[in-house]
Amino acid sequence: MPSESQPVDEEFVRLVYRHLDGGADPAEREALAAMLRTDPARMAEFVALTRVDGWLHEVSGAVPVPVPVPVPQRGGGRTAATRSRPHLRRPRRIRRPHPVRWFAAAAALVVAILAVTVLGPGRTPVGIARLATSELVLIERDGRNVAGPHLLAGDQLAVGAQATVELLDGSRLVFAPGSRATVATATRVLLSAGAVQVEAVPRRNGDALTIATAAAEAQVVGTAFTVKVDSASTRLEVGHGLVRFVRSSDGDALEVPTGSWAEVAPGQPFAVSLVGAPPPSVPRPSGGFVQGVNLNGDAEVISGERWWSHAEAVAQGLRLPAAAMLTTRTVAMTPKVDAATARMLSTVAYLSGAMPISLPLASGRYQVELWLVENRSDGHRAFDITIEGERVATGVQDKDVIGRWHKLSFPVEVRDDLLDLVITPTRGDAHLMGFCVRHR
Amino acid sequence: MDQEQAIRRLMDERAQLAGYIRAIVGDPHCAEDVFQEVVLVVVKKGAAGVDDERFPAWVRTVARYESLTALRRQRNHVPFDEGLLDALDARWTTAETAEPSRPAVEALRVCLEDLSPASRRLVAARYERSRSGEEIAAELNRPVNSVYVAFYRIHKALAACIQGRLGHGDSHAV
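Quick mapping for you: the protein sequence lines, in order, are chains A and B. Take the first sequence: its letters are residues 1 to 440, numbered as in our numbering. Take the second sequence: its letters are residues 1 to 174, numbered as in our numbering.
These aren't lab readings, by the way, just hints derived from the structure by calculation. The reader is advised that the hints may include incorrect statements.
Listed below are several chain B residues computed to face chain A (Cβ distance under 10 angstroms; list not exhaustive) [unchecked claim]:
id, residue
1, 21
2, 47
3, 167
The beta-carbon is built from N, C-alpha and C at its ideal position, and this holds for glycine as well.
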């Protein structure tokens, strides 16, 4: 029981209350930390004082009382954060049009209008493609501006308004205003600025239709997709079908399926994400791998990284519902994969209802990759994915044909030393073949 | 533990959790932001796989992570390294086991009535009007260190009083 007569460690007391007032400078905090680190009695006193301090805040009503609030699901961007008190509600970020971008589009339009108006038409050869809509498009050939609609190899396009180009095989390329492109061959278009939406005719023979940028190539396998390029990135979005997306710098390639996107950009991971899912963050180039789990399978080395077997993961705290079924189902993978990946994709945990999965994981920021393949029948299932309480994808595997596999990648922040994910089916079963965690 | 149960438990734990966060971050405004982040985690995620007994430790894990994240976000100096935070956790667990917060808060309400008028005025200034030690010292025209020492004596006296009421020791106040 302290009294006025008992001596007080004034420096310790001063540092504690400076800290609790939020007024301690770095040197004072470090001095307090040093005292606590070296003296258990001071640590005990510090805990006793801060506990009473917390209780006094509670008694005085200063501690905010949490009120349950509905959690908005996210389909695309982050949820607007919810708060327990209205005056603390985090303001929703409102995306405003970027004025520079609007200005650039308007400038491109003006340039194109002037060019078409001032420069006369050139020769009209039979070409490898034709402009289906030719308003406000500048065609440059051999250093001269010419008129459409026929396009020859090497023609360069400056698109003022939306323009549609039809290739000889009937494929259609719809260029966004402000786009710049070169029709290199009958099957290859170089996009240097803007965006192009492609409706490709399926090709069984010959070269695949390719949209190339300086950073990447999208090779078509009969599909609808969009390629966008700016000074920093090339982005591919696939409406339906399958597109091979090749990064020019190293030749690395992704198979981007329906409803997915991928991007080549400095500092960004080269990975497939669902449209509507948040952009993946950067895994560390080395040492990024934390752990992989092969559900119901043996340990595997996948892309040089050793994944835990199911049994190893369970020993480390992996939890699945008791009702979850574990089985093996081998199908022909589309696209093809190496043997280890095929084995991993063949073993599965599934459940007819929502399937929660958790794994102890130190709190921090990670990239979580989920591996899935349709192994029953075409269009058997669709499901949503929730990670750390946030819905990160919906309608996953909807309309997938048997054998179609996915590696879905999501940025995750674990805050409680436990990674939680839930697969919630809207049709068919929930299932998961494996998952991998990386630092980001 | 489902979301509703987790939120109920969080309400039970809020007093001790507020103190724990304050111990790490210091600044009361930052502590309140961290507390809100912890609430968000519990609301969004529930506490799947966490039983009632483990809940206080689990929610402190969340609070510890959010506290460090908040300090780093503000580019604040983070003096408490992992080892020191582990020691803080261990001490906190020991204290919470010996003296759970909920009955302690009830005892505190009674102990506050035993404070002298001068001590009550200091408590009101700090906890009802959210004044810092420096602000109180300026208001009272006293050296700030004497205000800190006064709060130290009040906190120690209240801790002893609570212990006494919970059957662990004497029960005097100042």
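Here is how each hint holds up against the structure:
1. Interface restraint check for residue 21 of chain B: the shortest CB-CB distance to chain A comes to about 8 angstroms, inside 10 angstroms, so the restraint holds.
2. Look at residue 47 of chain B: its Cβ gets to within about 8 angstroms of chain A, closer than 10 angstroms, so that hint holds up.
3. Because the beta carbon of residue 167 of chain B sits about 16 angstroms from the nearest beta carbon in chain A, more than 10 angstroms, this interface hint is broken.
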